[in-house]
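Chains A and B are the protein sequences, given in the same order.
Here the UniProt record's numbering is used: the first residue of the first sequence is 1, the next is one more, and so on.
Here the UniProt record's numbering is used: the first residue of the second sequence is 1, the next is one more, and so on.
Everything labelled a hint here was simulated from the structure, so no lab data went into it.
Among the hints, erroneous ones may be present.
Derived, one-sided and incomplete: chain A residues facing chain B with beta-carbon distance under 10 Å [unchecked claim]:
{"id": "1", "residue": "K32"}
{"id": "2", "residue": "L34"}
{"id": "3", "residue": "Y40"}
{"id": "4", "residue": "G44"}
{"id": "5", "residue": "S87"}
{"id": "6", "residue": "N88"}
{"id": "7", "residue": "A91"}
{"id": "8", "residue": "G94"}
{"id": "9", "residue": "G100"}
{"id": "10", "residue": "V106"}
Result set (DSSO-like, lysine-lysine): computed pairs, CA atoms no more than 27 Å apart in a straight line [to be verified]:
{"id": "11", "chain 1": "A", "residue 1": "K129", "chain 2": "B", "residue 2": "K207"}
{"id": "12", "chain 1": "B", "residue 1": "K107", "chain 2": "B", "residue 2": "K39"}
{"id": "13", "chain 1": "B", "residue 1": "K100", "chain 2": "B", "residue 2": "K39"}
{"id": "14", "chain 1": "B", "residue 1": "K257", "chain 2": "A", "residue 2": "K32"}
{"id": "15", "chain 1": "B", "residue 1": "K104", "chain 2": "A", "residue 2": "K70"}
{"id": "16", "chain 1": "A", "residue 1": "K134", "chain 2": "A", "residue 2": "K69"}
{"id": "17", "chain 1": "B", "residue 1": "K235", "chain 2": "B", "residue 2": "K207"}
{"id": "18", "chain 1": "A", "residue 1": "K69", "chain 2": "B", "residue 2": "K104"}
{"id": "19", "chain 1": "B", "residue 1": "K654", "chain 2": "A", "residue 2": "K30"}
These figures come from a predicted structure and were not determined experimentally.
Note that CB positions come from ideal geometry on N, CA and C, so glycine has one too.
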Amino acid sequence: MRNFYKICFSLLLVLCLPRISNAQTAGTTKYKCLVQMTNYLGEGAYIAVSLINPKGAYEKTLYVMGSDKKWYKDIKEWHKFYSKKPSNISAITGASITGGDRSVTVLEIENSKLNAGYSIRFEAAVEDKEYHVKDIEVPLSTEGLSGKTEGKGYIRYVRLSSI
Amino acid sequence: MTISIWRYSHLVLAISSFLLLTLASVSGIILSFDPVLQKTQPYRVANFDQISLAETLPVLKKEYLEISELSVDANQFVTLKGTDMDGKNVSAYIDPLTAKVLGKPEKKTAFFQWVTTLHRSLFLHETGRFFIGITAFLLFLIATSGTVLILQRQRGIKHFFKKIVKESFAQYYHVVLGRLLLIPILIISCSGTYLSLVRFNVIHEKKISHKIDFDSLKEAPEVKLTDFSIFKKTKLSDVQSVEFPFSEDVEDYFLLKLKDREIVVNQFTGEVIDEIPYPLTTMMATLSLDLHTGRTNILWALVLALASANILFFIYSGFAITLNRRKNRIKNKFKSDKSQYIILIGSENGSTFKYANALHEQILKSGATSYVGELNTYTVYPKAEHIIILTATYGLGNPPTNAGKFLALLEKKPQLQPVNFSVLGFGSHAYPDFCKFAYEVNNHLSLQKWAVPLTEIHTVNDKSPDDFKLWLDVWSQKSGLPINIAPELLASKPKRLKQLSVISKTEISHEDGAFLIRLKPAGRTTFTSGDLLAIYPANDYRERQYSIGRVAQDVQLSVKLHNNGLGSGFLYNLQPGDTIKARIIGNSHFHFPKKASAVIMISNGTGIAPFLGMIAQNTRNVPCHLYCGFRGASSFELYQKGMDSHIAQQRLTKLNVAYSREQEKQYVKDLLHRDGFFIAKTLKENGVIMICGSLAMQQNVTEFLETICQSENDKSLSFYQSHNQVLMDCY
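Isolated chain A, as found in the complex (with noise of 0.2 Å):
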């Protein structure tokens, strides 16, 4: 009868195991993100999403709302490294926001970097106005992505939970 738990058992971890390897050997997981902006007036905010690393500096890009690549260079510090290690985000680029607007969006971030010292930063550029190069930086942490984040321009807040 034992034998027939500690099978079943092994039957069981040898079905769920290689999904959970999967997952881990892929080792990313996505996360929705809800970008919910102030009612500020004006034209749509660009936005940039990155990942820092714990040093400061840019790592990779997460995810870029606002399609005209022309106002890139607003984005002033992410586009500097943007255009000195360029990289295909056609397929993270989405819609810019306007004032009073919300935009849920899904990030893909390695797990690796969890609980690391890393950190999402959003970046926002408005045509003819101010640019807030720290909008908001969410810390990587398993607290800092529970939680709603309050930005200090023209986002009211960030939340991220996974999927």
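Place chain B on chain A using the hints.
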């Protein structure tokens, strides 16, 4: 030349904005095809207007792992954003009833984006937007001043859509199209201005923010999505977007953005937590955007394209008109108080200046001193020996803008020495008050003590150089100043000639006889009885016009052969098979009425020509009574043949012929007198009277009609004239 304040502002506004307007119109035409192209895509589902949120949301929830937002665009295409069952991002057009993906929302093409930016901001960001905003406002002012100009030209709102006399291509279509596209252009300019005002925050567009008391939110009783009463009630066609709750936390909610309000809905209970209607400014901005872009309606988008194209035409024709006017500006060598000859002009749009300037130059050439001015500048001329007045009439017998003060000035400022005067009126017989103002001026002048009439008043019909020459010869002879102006200088070259071939021609049977000639136009030509055929017998500026009767698709003229007659001789010498070049002139004021209880046709001599065609074309059998006058039975013989069959086919009800030199020696007028009661009754019952023939006959007949209308109907003839019940085409 003094121009009214409206015309001046219309011009100044147009000059100051035409460059930007051209850009905006061209880009606007292109952009109006954006909605047209979008709407032809097959993403709008059938019966879209019937679908409620309660029908679609549960289906979608079942088919997708996550939904963040559902939105409906101006084309009523439904876009879903979220994640599908495989965890992949979705942003696609879907069928709201089956959740099936229909297609990918495509971004605006780079080309349309480029044109949009040009249209909005000229690639100059805020500065460009500012200028475009100003341009939109200027367009509004141009349209407004243009409307006032049309109102002035047509003398009031009642006549707004009445016929406009064609002076030139540019002028005619500027006014005609201006009238037609007034409303779309006003809408384009108003909505554009409004959008700019919102953009620059002059009009404050308030954003809605929902204040929600999170502590009072409840998770129970849980209700199924299909049973949310607000979802049942809300149709997808009223929705702009539905934002789905971010997580299954009670503090997250559904946010419905409808066309006119925002509603916050509890995701568990379906309770409406908050509801705020959009402020008026937001609604107006949306409406302005809809109207300005045509994004909601394909037909409107096409109207916008048409209106934009017309703005380009207005810019062209407006400048053509202005340049034409400037050509006629006055150049004076001598001051008015030093000149012997004073030429005064009353003209609405400057066409009379050509004549005045030609005369002016000839007087100067002969060594005399001459001065050209406008009637409104009339004053005391101490050296004047002659005053020559050339004036048009505007609207319903009113003075032109630059002559409105003349009659008052005339009373106030008498000349100190006797001065000869001569008045020449310019006008068109197409209008009922032919040269009325010129006659008024002549009457007032003849009452002045100092004024010596040198000639009778003369008139010029439709800028005819020959009419002008006629007056000039008389004036030159009476004043003793030998002046000769070749009519070629004043005539404009005939344009748009058509080829016609001669089908048949009758021979003349006696010495003062008339003949019928039939011509077939080459190619497709639309014309009807009552239109005019202008021929150029000597192949020069000299034009002769004949009234057309349309008989069996051909042009039929009835012409009296005059001794040495230029036109009639030319036509009579034609043989079947010959071709001539001529122009068909639309003469819509003398067409057979579309609606009339009965038509009374009055003619003398060859004036019967258009009626022959009208009767032949009268297949609807409208009661027609023809009153025609001839010298004798032999003159009528030419027309007699067809009449019996017309009567048999009920195309002609009754024929009345008067012979002035035979039998009872009657004139048409006498026949009318006999049937006076019948004629008054016809007018009363919305019948129409048409008169064609000599001016002398016209005068006799209108005098008679005036009396009979007064005595029988208690109305003046002009009442019926203004209702288009009395139509005249005399010569």
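> Which hints from the list above does the structure break, by number from lowest to highest?
Replying inline: Hints 4, 5, 6 and 19 contradicted; others consistent.
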